[in-house]
Amino acid sequence: MERQLKVPNYRGKKYAALLSMAAPAIIITLAFAYFPMSGLVLAFKNYRFDRGVFGSAWNGFENFRYLFQSGTGWLITRNTVMYNLLNLFTSQALAIIIAIFITEITSMTFRKVSQSVIFLPYFISWVIVGTFVYNIFNYETGALNTMLRAINVQPVNVYDKPGVWPWIICFFNAWKWAGYNSVIYIAAITGIDAEPYEAAEIDGASISQRIRYITLPGILPTVITMLLLQVGRILRGDFEMFYQIVGNNGQLFNATDVIDTYVFRSLLQNSNLGMTAAASLYQSVLCFAIIMVVNAVVKRIDADYALF
Amino acid sequence: MAASVKNRDNSSVLFYVICYAFILAVALISFIPFLMLISGSFTSEHAIRFGGYSLIPKEWSASAYELIFKTPMTVVHAYGVSILITVVGTALGLFITTMAAYVISRKDFKYRNVLSFFFYFTTLFNGGMLSTYIFYIRYYHLKDSLWALVIPGLFNVFYLLIMRSFVSAVPAALIESAEIDGAGEYRTFFQIILPLLQSGLATIGLFIALGYWNDWYNAMLYINSTDKYPLQYMLYTLLQKTEAMSRIASSAGIPVMDMPSHSLKMAMAVVATGPIILVYPFVQKYFVKGITIGSVKG
Amino acid sequence: MKNGMKLLASVTALALAGSLLTGCGKKGAGASSGETTNLVMYVIGDRPAGQDKADANFNEILKKKMNCTLTVNWIPWADFTNKYPLLFSSGEEFDMAYTAAWLNFTSLAQKGAFKQLDTLWPQYAPKNYARQSDAAKQEATVAGHKYCVPTLLATYTAYGPIYRTDIMAGTDWNGKMNTFDDIEKYCDIVKKTHPELDPIDIYAQGSEWDDTYMYSTGYRSSKNATNDFLFYNPEEKNPKIVTYYECSTIPQFLDMMARWNKKGFFPKSALADTDSTKTQNGKAAVRTHNIDTYQGYAILHPEWNFKYQAMNKYVTHLPFTQDAMVVSNTSKNPEKAMQVWELITNDREVFDAFFYGILGTTYSLNDKGEYKILDPNQYALSDMWAARTIEFTRNGVGTPDDYQTQRTGYEAFMKSGPEAEQAVKFEAFAIDTSKIETEYAACQNVHQQYWWPLELGYTDAKKGLAEYKAKMEAAGIEKVRAEIQRQLDAYTATIK
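Residue numbers (the working numbering), protein chains in the order written: chain A, 1 to 308; chain B, 1001 to 1298; chain C, 2001 to 2496.
Because the hints were derived from the structure by calculation, they are not lab data.
Here a beta-carbon is modelled for each residue, glycine too, at the ideal position from N, C-alpha and C.
Each hint should be verified, as a subset may be incorrect.
Said to hold, decoys possible - Straight-line C-alpha distance at most 30 Å; calculated DSBU-like pairs for lysine-lysine: (1) K2240/C with K161/A; (2) K299/A with K14/A; (3) K161/A with K2469/C.
Unchecked claim - Which chain A residues stay away from chain B? Per the calculated CB distances, all over 12 Å, these: (4) T77; (5) S206; (6) V297.
Make a model of the complete structure from these sequences and hints.
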């Protein structure tokens, strides 16, 4: 409960101070995010270099057509959303489990070393991971097939089995981000008040009880924030990851093509800036619609957990 | 009492076994590709071409590193640029982000949701490469300036919102009592909030630093002078050169050239990543448990 | 303590930042003094470490002859997809740039990225203009205006196997490489005697054997490049645009490729293999490409005894816009730019200084006039390949003798008879996709997704071809074909 002080313009002074604290962030956002946003009009323009962004003629929704030509629009949208949902749950779940386990480990050296090691995949760029993937799965000399041959099993051509690749991609995505995401959860766990833990110790609670009733609820705000942030990007695929892992294997495209890879291939030989902008706008509008709905739902359940 | 103690011991032992085993497994899976990366950088090109990658170099060769350090000044320069941008960017960025996070975490600030949405909206809609490029180059005159490498990473809305959840974990009662004692917002922020945000600051600081260290995109767009190239951009040009040239395979004009070898790419990756890996263990000491005890009573 | 540290850090940061700000800024561009103009040129490539020397030497000569200097900026290979279009859309002031088909010259020209050269070219670079063939001038024309200065160096549509012969020593190979059967025999032998090699070089950018096959049966690609999906036959009176699935000989080609796949001539996961250097590094034995790549491989590895056999039925010139120079709309000195270009392409001393560097320091010449870069880690040729002319271009040391003889052979062949000459008449045909951009992009996508695995025998030949046809039709191939046919008919009328 707030006790109002009888200082004149107290509210005003407080708000002025708060706004001034947020000022640098506001200015940066305005100058470097909002002003350039005017470029979104490119999506509706037939861009000509000699007329610039604002001088070029409007062409309605023409730039969007290539996304939906021959039924691809639904396929790539569905793929993008599915992969993001799959990756979202697996990588966040893995990160939470890792965070909980690591904070429970008592041996300091084991904890520090394993924390650092788990973080390593983040540093390996997808280009290099791509070559490793090829090294594992290729038919002639891949590690997988070499192993299969060694135990007298027929080698398998993974590259013509589209159904396997969502799981391969999911695995590599989790592998790359688990360590990075776990840091957030570890920080959240260490930020939980120690009092309930001491009380639980005294009352003789088991470890799993401790985790269920103190740790998990304690990091719930962080978990919700992370989930919401990921949902807000649900129409955006990680281009580098898909491009490096799948490469140009057309046989896998129906199962692994996301909006970003499709756009890249379509516009490789045609630098049509309007069409690129159209794809981005399509993704943005859908993300916007989805997050508005999800955020509103979360807000109804508990206003503190919503993003805005 | 004795029975519950015994139960606790059994289930704890089981738990710890699972715990250690799981973490060990994850650590191994994380470590092995990294080991392959290092091993690949020390393997001869011929062995990689015909034998693939392995955990231990099949045919030892340090020629990739020799090539990189043949012109040590380029690498030293790149290190300098990367370190400078990372330090300056992280310090400024962390400061700006944390202050803004504090503002939007204040439940008694009427406009916090409006402000949050104002910030968040920019992650949904993006003006695109061309528009951003034109603003940076033409209107803000940042062509070939190191500022163009610092500014984009200063304020990341995702980190802002994560930081907000950390700040929200600080009990509101502390802020109230500071208000009652007559402290202004700035004092509250610096003297009460910041000291309690250790793990949050460490996390977001780490992420901002990593973001700067790993960024090549802004260097690609805005930097032309070779002595202003950051490390990751050098790595990127090396890795993508073969990719880019192979895509124009059918052109007649491009002469056949020697491409960067596989081991060179690995060696460059090791050189570009090396130091930042050491930062994380350094930062770990800030992940200390239970810092708010005793500050709130009743 | 902590907030004290933070304040200190912030202040330091701001101080450093201040110094950053003052320390950098715009590079001095444009006219430095009242007299000497400085021109800016953009090329694609990674700038060699020792390029400053070569630039300084060139500018000395240029200053003497024309009282201006030239700054060459290099866009690294890794960035050109993004930075090249940005160059023309950001309003940056510069004068000249390299352009090529793979830089989407036609598409960019249609969208107004370049300055029109209709009057500038003949007026300020008259000798260059006079030396250009009619085909070249026509290729430089987009939507009725000239937008680039094409190269004066002829390149050829010749495509065919570049193959190692050293590994054939001691085998019963008959030395022939004229037909696809010959290639198959060659690969059989490689597979038997050198199992560690991939006989055929295929990697993630797809196979070019389909294009080679079409060329060998007399077809021309509609866009004058590989990875095309529309072809026409210049032997016809009114050539019709056809797709792969309409060619009667394609099913047997697909069967052949399926057989090659089964025999293991190339990896089953080749489209995931990003290594584009397998032939030049000894992992593969034969690759299909053009004669200049053959020259490159032979220079790199003379010990492997590379040989080359073009398989086209009719060899013609590749569009001269393979390498070209464009003038930017933002150029303040387009006349001077054209004059500098005229000088480079007509003056031997200037060309050598521009393209090769400093004799004795960056490159050396042998008595045959072949060049050798003296320190490849420091120096390289200029990446402005458009500057090359037939008279001035030099071959690298180690160029095989038959490189030149094959090229002169192509020139002779092009004049050898009515059919050859008819094919040459179609050299300058270039397609304009501006009205069908969406459908063309969709077809390109379908082509990559369904044809690339099909042509390598990864998918069943009959089913795959039917599926390819269905998907192409869904993507709008008929609309594309109608438009391209219309353009081809218009062109055919002009050459009758």
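So, going through the hints one by one against the coordinates:
1. K2240/C with K161/A: Cα-Cα ~38 Å, so violated.
2. K299/A with K14/A: holds (26 Å)
3. K161/A with K2469/C: Between K161/A and K2469/C the Cα gap is close to 22 Å, so the pair holds against 30 Å.
4. T77: holds (16 Å)
5. S206: violated (5 Å)
6. V297: holds (16 Å)
Comparing the model with each earlier hint shows violations of hints 1 and 5; every other hint is respected.
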